[in-house]
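**Student:** The chain contents come next:
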Amino acid sequence: MTTRIDRRFAALKDEGRAALVTFTMAGDPDYHCALAILKALPQAGADVIELGMPFTDPMADGPAIQAAGLRALHAGQNMEKTLGLVREFRAGDAATPLVLMGYYNPIYIYGVERFLADAKSAGVDGLIVVDLPPEEDAELCLPALKAGLNFIRLATPTTDDKRLPVVLKNTSGFVYYVSITGITGAAAPDTSKVAEAVKRIKRHTELPVCVGFGVRTAEHARAIAQGADGIVVGSALVEAVRKSLGADGRHTPATVAAVADLVRTLAAGVRGARHSAVRAARARNP
Amino acid sequence: MTVLQLNSFRAGPDEHGHFGIYGGRFVAETLMPLILELEKAYGQAKIDPEFQKEMDRYLTHYVGRPSPLYFAERLTAYCGGAKIYLKREELNHTGAHKVNNVLGQILLARRTGKKRIIAETGAGMHGVATATLCARFGLECIVYMGSVDVERQKANVFRMNMLGAKVVPVESGSKTLKDAMNEALRDWVTNVESTYYCIGTIAGPHPYPMMVRDFQSIIGRETREQMLAAEGRLPDSLIACIGGGSNAMGLFHPFLDERQIEIFGVEAAGRGLDSGMHAASIAGGRPGVLHGNRTYLLMNADGQINEAHSISAGLDYPGIGPEHAWLGDVGRVTFLSATDDEALDAFQLLSRLEGIIPALEPAHAIAKVLDLAPQRPKDHLMVVNLSGRGDKDLATVAHHLESKAR
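Chains A and B are the protein sequences, given in the same order. Per this note's numbering, the very first residue in the first sequence carries number 1; after that it's consecutive. Per this note's numbering, the very first residue in the second sequence carries number 1; after that it's consecutive.
Simulated from the structure, these hints should not be mistaken for laboratory data. Among the hints, erroneous ones may be present.
As the list claims (entries may be wrong) - Covered, in the sense of this in silico footprint (three residues per stretch, anywhere, with C-beta under 8 Å from a C-beta of chain A), are these stretches of chain B: (1) 17 to 26; (2) 31 to 38; (3) 172 to 178; (4) 185 to 195; (5) 279 to 293; (6) 298 to 306.
Unchecked claim - Listing some non-contacts, in silico: residues in chain B with all C-beta distances to chain A over 12 Å: (7) 49; (8) 56; (9) 58; (10) 62; (11) 107; (12) 112; (13) 150; (14) 224; (15) 225; (16) 402.
Virtual Cβ for every residue (Gly too), placed ideally from N, Cα, C.
In isolation and in its complexed conformation, chain A is listed as follows (with noise of 0.2 Å):
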C-alpha cells in the first residue's frame, strides 16, 4: 500500500533532492492564524507538514515548543480542532502529506479508535508520538498502521544496532532520526557525526531517513541534507512565530509572513543541497 508520504519521498527521490519536513504546532497563536500558516508553507517549499498537537508536558520539548505549546492551549486549542485544521487545509491541497505529532495522553483520551478514525477522514497520513517507543506498540502503533496511518519512529544517537531493528520493525513512511541526544532546539548536531548516523541506519531500511532536532538555518539545512533524505525544522519556525506577534500576544498581519519567508529560505538551501550533490556527482562520473 503506498501512502501520500510514500510517493513524496519517490518522487523527491526522482528530483534528487532532500525533503523539507516543516513543523508547526496547531493552534499557535490561534486557530485561524495557524491554517493560514499551513495553507502557506508548501508553496513556501515544504515538502511534508509535521502539525504538532499542543500538550501541556511536552517532556522531550525545549522552550520554544513548548511555548508554542502553551501559546496554542491559551488560545483554545483541542484534539477536535487540530483535526479541524487539517481538514480544512486538506480541502485545498490533496498532495502534500501531514503528520501529526505529539504526545501520547491527548489520543489517549479522545479515544484510540475514534482518534485514528477522525484522524484518517480528516487527511492525516502519519503519525509521531514521541512517549510511544517500540515496547507500546500495542497502544497505537499496530492500530493506526491497520488503520492506514503511517507510524514514523524516532531513531535517536542512543539506538544501538542491535535496537534499530526493533525500532523499525513497525516503523513506515519515513524515519525520524533526532540528530542529538537532547530536546528539540537544542545545540546544532555535528553534521559529519549525522552523516554517519544516517548511513548506520540506512543499512537497515530502505525507508527514507529525515533528521531534526536542532536544524535553524539554511547553511545547516544544506549540509544536512546531503546526506539525508530529509531534514526537519521545528523551533526555529516557532520562534518565527512567536516574535511576529504583537506585544498582546496575537498575530500581526506579519505572522504568516515570517513563516513562509523562513521556509523559503530553508526550502532553497535544501534544494542547493541536491545541486552540490549533483555537481559533485557529475564531477565524478562526467
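With chain A's structure known, arrange chain B on it following the hints.
**Tutor:** Chain B alone, transformed into the frame defined by chain A:
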C-alpha cells in the same frame, strides 16, 4: 468496588512493567535503551548478596535504621478508640523516608558507573536525601525544583546547597513537582550517557515504580517485626499519605496479602475536592499517560494535565504511582483525602499531644486517623507512617495560621 480474587497482590508488575493496565514505559526513544539497561542492572543487584550487604550496612550506620514503631499513647487517648502506632520514618537521617530509596538508587548508580546524578523534588526531602548521598559518595548532584516550591521550602534549598548540590528552579508550567519532573526528564534526554536519574517516588517508567517500592518496603518489613514484638500479632490497619505514594507503598506492600488488614491511602484534598484546587488524583482524576506511566491523573476533557494544589509541596502532584492506581481499582487499598485545613489542625495536634512535629505530608494521614481511630475498638492496632518531620514546613504553617487569624 469488590476485591478481586487474586492469588496475590504482591506479584506485580509483569515483565512490561504493568500493574493491571497501569505502569508501562511511555518514554522517548532516547531514554529507552537506558531504561532497559537500568532494569537489567537492578535485576542483577537485587540478587547480589554483596549489594544487599552494602545496603544493610548503610541503612544501619548511616540512615539509622530500624526506625522505631512508637505507641502514641496520648494521641490514642485523645481519639478514644484504636491503639495508634507511629512508624517513625521522620527519625531517619535527612528527616524522611526518602533516604531509603535514594540509598538504593545511588548504590545502583555507582554499580553502573554513572557519576552525575539528577533528581526532581517537591518539598525538597527527596532532593535533600539525594544531595546527602551524592555528598557521601562524591557524586555531582543537580536537583530540579519548581520555583514555587523553591520559595515555600527555602530551608531545604539551603540544605541542598550546603551539601554541594546545584538546585535548578523550574519556571515552566505550574512551577511545581510535575514541572520539575519534566525538566529532569529533559536533562536526562540531553545527558543520557553520563547521568543517572534518581526518581523520588514510585512513578515514572518501569522499572522505577517497582524499584522504588522495593527499596521503601523496608518500612513495612520492619513494622511487621516490630508489631509482632510489641503486640504479638500483626496490625489491623495501615494508613499513610500519598503524593506519588512511595512512603505508603513502602508500608503497605509487605502486608498486601494479609487481607484482613485494612489499608488506607490519604490524598491531598487541598481546598476541597469540589474546589478544583486539590491533588487527589484517585478521587478527582482518571487514567491517562504522563511521565512514563499510565495512572490516575488530574486533567481536563482534552487530556491536558491540570495543576495540582496542596498546602504540602510533597503531595502537590497531579498523578499517583501506578501500583496504587491498580490497588485502588481492585479494591485492596481504600483512598481517602484530607484538606489543607484538616492537615494544619493535625499538624498542631500531633505537635502538642506527642511532642512530634510532623511534616505537612503525613499530617494528612494523621488527619484521617482522627476520623478512623475513634470508630475502631480499643484492641484495634493502627499504624500510621510518619514519613517526615515538620521543620521544613514551619514557615508555611506560620504563614497559614497568621492569615487565618486575620
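**Student:** If a hint holds in the structure, say so; if it does not, say that too.
**Tutor:** Now for the hints, and whether the structure bears them out:
| no. | hint | in the structure |
| --- | --- | --- |
| 1 | 17 to 26 | holds (count 3) |
| 2 | 31 to 38 | holds (count 4) |
| 3 | 172 to 178 | holds (count 3) |
| 4 | 185 to 195 | holds (count 7) |
| 5 | 279 to 293 | holds (count 5) |
| 6 | 298 to 306 | holds (count 6) |
| 7 | 49 | holds (30 Å) |
| 8 | 56 | holds (34 Å) |
| 9 | 58 | holds (31 Å) |
| 10 | 62 | holds (33 Å) |
| 11 | 107 | holds (24 Å) |
| 12 | 112 | holds (15 Å) |
| 13 | 150 | holds (19 Å) |
| 14 | 224 | holds (35 Å) |
| 15 | 225 | holds (38 Å) |
| 16 | 402 | holds (34 Å) |
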